[in-house]
Amino acid sequence: MTSPAGPPPTGGGGEQRRVRLLAVTACPTGIAHTYMAAEKLAQAAESRGIDMKVETQGSIGAENVLDDNDVRQADGVIVAADKDVDLSRFAGKRVLTVGVAEGIRHPGQLIERVLSAPVHTGGGAPTALASGGGKERSAGYRALMNGVSYMIPFVVVGGLLIAISLSLGGHTDPSGGLVIPKDSFWMDVNNIGVIGFTLMVPILSGYIAYAIGDRPALVPGMIGGWIANTGELYDSKAGAGFIGAIVTGFLAGYLVLWIKKVKVPKFVQPIMPIIVIPIVATTALGLFFIYVIGKPISWVFEHLTDWLGGMTGTSAVLLGAILGLMIAFDMGGPVNKTAFLFGAGLIATGNQTVMGMCAAAIPVMPLGQGLATLLRRRLYSEQERETGFAALFMGCFGISEGAIPFAAARPAQVIPANMLGGAVAGAIAGVAGVEDAVPHGGPIVAVLGAVSGVPMFFVAVVIGSVVTALTTVALVDVSERRGAPALAGAGAAVPEPVPVGASVGGATESAKPVAGVGSSAEAGKAGEVLSGHLTERTVRVRLDATDKEAAIREMAGLLARGGRVVDADELVAAALRREERGTTGLGEEIAIPHAKTDAVSAPVVGFARSDEGVEWDSPDGTKARLVFMIAVPEAAAGDEHLRILSLLSRRLMDAGFRERLLAAPDEAAVVEVLREVG
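Residue numbers (the working numbering): 35 to 712.
Incorrect hints may appear among the rest.
Derived SDA-like pairs: lysine to any residue, alpha-carbon spacing no greater than 25 angstroms straight-line [stated by the list, open to error]:
1. Lys87 to Ala689
2. Lys87 to Arg52
3. Lys657 to Ala78
4. Lys295 to Ala125
5. Lys657 to Asp581
6. Lys295 to Val281
7. Lys297 to Tyr325
8. Lys297 to Lys329
9. Lys657 to Glu668
10. Lys297 to Val153
11. Lys657 to Pro667
12. Lys294 to Val310
13. Lys216 to Arg249
14. Lys294 to Ile305
15. Lys300 to Lys216
16. Lys87 to Gly126
17. Lys657 to Val600
18. Lys297 to Pro152
19. Lys297 to Arg123
20. Lys295 to Thr155
21. Lys87 to Ala125
22. Lys294 to Tyr175
23. Lys329 to Thr317
24. Lys657 to Asp632
25. Lys87 to Pro152
26. Lys294 to Val253
27. Lys657 to Arg685
28. Lys294 to Leu321
29. Lys87 to Ala76
30. Lys657 to Gly597
31. Lys297 to Val253
32. Lys300 to Arg123
33. Lys295 to Val310
34. Lys657 to Arg598
35. Lys294 to Ala125
36. Lys657 to Arg692
37. Lys297 to Leu252
38. Lys295 to Asp269
Hint data in this document are derived by calculation from the structure and do not stem from the laboratory.
Make a model of the complete structure from these sequences and hints.
See the structure below:
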């Protein structure tokens, strides 16, 4: 047992060994706070004669990873993080969880507190406590992004395999839509893709639940998602789709959290997380969905079908717009399936115009969302852009589910945009009298000859997709300017995927050391440091601004002197958007605003000093006197801005280095001090 009064004995000869502590530092929007907290904790431990190993989980990957031997020998663990950190590996150890800002502000206090912290039992959820350090994502948002992150590969793999099998092995059949011969190679490929698509909804639900309730919530979340997507279980011709999966994911996660609070005898505690909680939560959630939630879904399906049946004699424009709205709303859910099955059912009666309206609307969502990622790349993370490319491909084959990752991540922006584009496409197809002879949609049915009125069919698809893309871009842009969460890459979060961004909880690229000045040919030039990204032209010894926004504008003008800024206003806007996601004030009178944007043509770094200091919402409450600004283009190789942040944040923890920066009399002297960064 660890003694809070002092170092524990080794158990031999009355000697005492040094206390051994571990720490994990992590922040959700970058790595600067991560490394600042790590350095502060390490310094505080060293000053107290305590051995400490710190794992940093920055955006460029986990470094100095704690292994099983480290954990076994540790007397306590400090987790200073503003994002999810898996605590299961620390079972049986004293664990103190705080926000990353606490690691920067009060490292000494944390070291004292961890020695009397409660022992982690292994049954808790991943921690994501925040204490200062700027605006953080809500727990619900992080859970949603976790589910989306794990779902994306299933959408992409399943959708592309189905599309490939249809294009290479399918043919039109008036009685059965696009048909692939049952015993053919392409049917096997199609079946594999269908499995991927079938799994994506349970995966979404399961990993939302996991982010909330940890491992015991994974099984009820996945089974609940499967039930939500299987309408036959509650007498509905259509499942609840991805919207139902989001509901079951949150229900499962919070149900597990509630069950964990129930006090049980000690002999039952070991089997709670592996047997009792999963069984109870899965049974309760499954029955609740089948008997309570499922009935309204079935009722909606039946009454929507009856309602559509009564509209077949109305205006073709109105009917097409309504069908387009329904097709685009939930992409596989009961509303979508009602419209699709209504159109498919009328084909046998000789009415092929209703299916023509549906066929035009079906590809609009994935095509529109994919197009949006091309129109405004800066609004999307790298993973989102890759998903957008896959969505474009799936849209060509009438696979509307390609847009689900975007709708799940940003429902308030994406779903209205999808519905508007779908309504436009359906209305145009309706007024033009487009017909579809098979129960399928997308350009593929026109290419294979199942559509009459092909030119107007493509006009409807193109216009609808453009409307969806433009509306999405506008709504996402507005939400970002207001500080609304977006996927990072998880960007968000993403990441800052979160993205549908980098995978939450997944492995990231290991950090690569950045060459210092002495190892870079370009950095050896007079007046250049940080591999040539900072020069005397981008250094100023006096910052005139008195507030954060003015300081960022002044710093952007300073960067422009380096000749690499192509749009100063956009650079300012990108840096301010980054501030909305969380302050870049690091404490110790330091701020490092940064942006990844095509407003610059190449990486550039600037530095300026403020005599009075600028209020930057820093964790320790200090005003920023040392201000660095980093900007790199979207296409910059690797994570250059993150590597620069890592170098600077580590070096700036040296009080002597900061004093030399403050004392440097002119720009040339500042550059000489900054040569120490490496």
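Going straight from one Cα to the other, do Lys297 and Leu252 come out at no more than 25 angstroms?
Between Lys297 and Leu252 the Cα gap is close to 22 angstroms, so the pair holds against 25 angstroms.
Need the status of pair Lys657, Asp581: alpha-carbon distance at most 25 angstroms?
Given pair Lys657, Asp581 holds - Cα atoms ~10 angstroms apart, limit 25 angstroms.
Lys87 and Ala689: Cα distance at most 25 angstroms?
Holds, because 21 angstroms separates the two Cα atoms, which is no more than 25 angstroms.
Starting from Lys87, check that the Cα of Arg52 is at most 25 angstroms away, please.
13 angstroms, holds
Taken at face value, is the distance from the CA of Val281 to the CA of Lys295 at most 25 angstroms?
Holds: Lys295 and Val281 sit about 22 angstroms apart, inside 25 angstroms.
Holds or violated: Lys657 with Arg692, Cα cutoff 25 angstroms?
The given pair, whose Cα atoms are some 14 angstroms apart, holds under the 25 angstroms limit.
Check whether the Cα positions of Lys294 and Val310 lie no farther apart than 25 angstroms.
Roughly 10 angstroms between the alpha carbons, so the hint for Lys294 and Val310 holds.
Pair hint outcome, Lys329 versus Thr317 [Cα-Cα no greater than 25 angstroms]:
18 angstroms, holds
Is the Cα-Cα distance between Lys657 and Arg598 25 angstroms or less?
29 angstroms, violated
For the pair supplied as a hint, Lys657 and Glu668, is the alpha-carbon distance within the 25 angstroms limit?
Status violated; Cα separation ~30 angstroms.
Sort out whether Lys329 lies within 25 angstroms of Lys297, counting only the CA atoms.
34 angstroms, violated
Pairwise hint evaluation, Lys216 against Lys300, where the allowed Cα distance is 25 angstroms at most:
56 angstroms, violated
Checked against the numbered hints given earlier, this structure breaks hints 7, 8, 9, 11, 13, 15, 17, 24, 30, 34 and 38; the rest are met.
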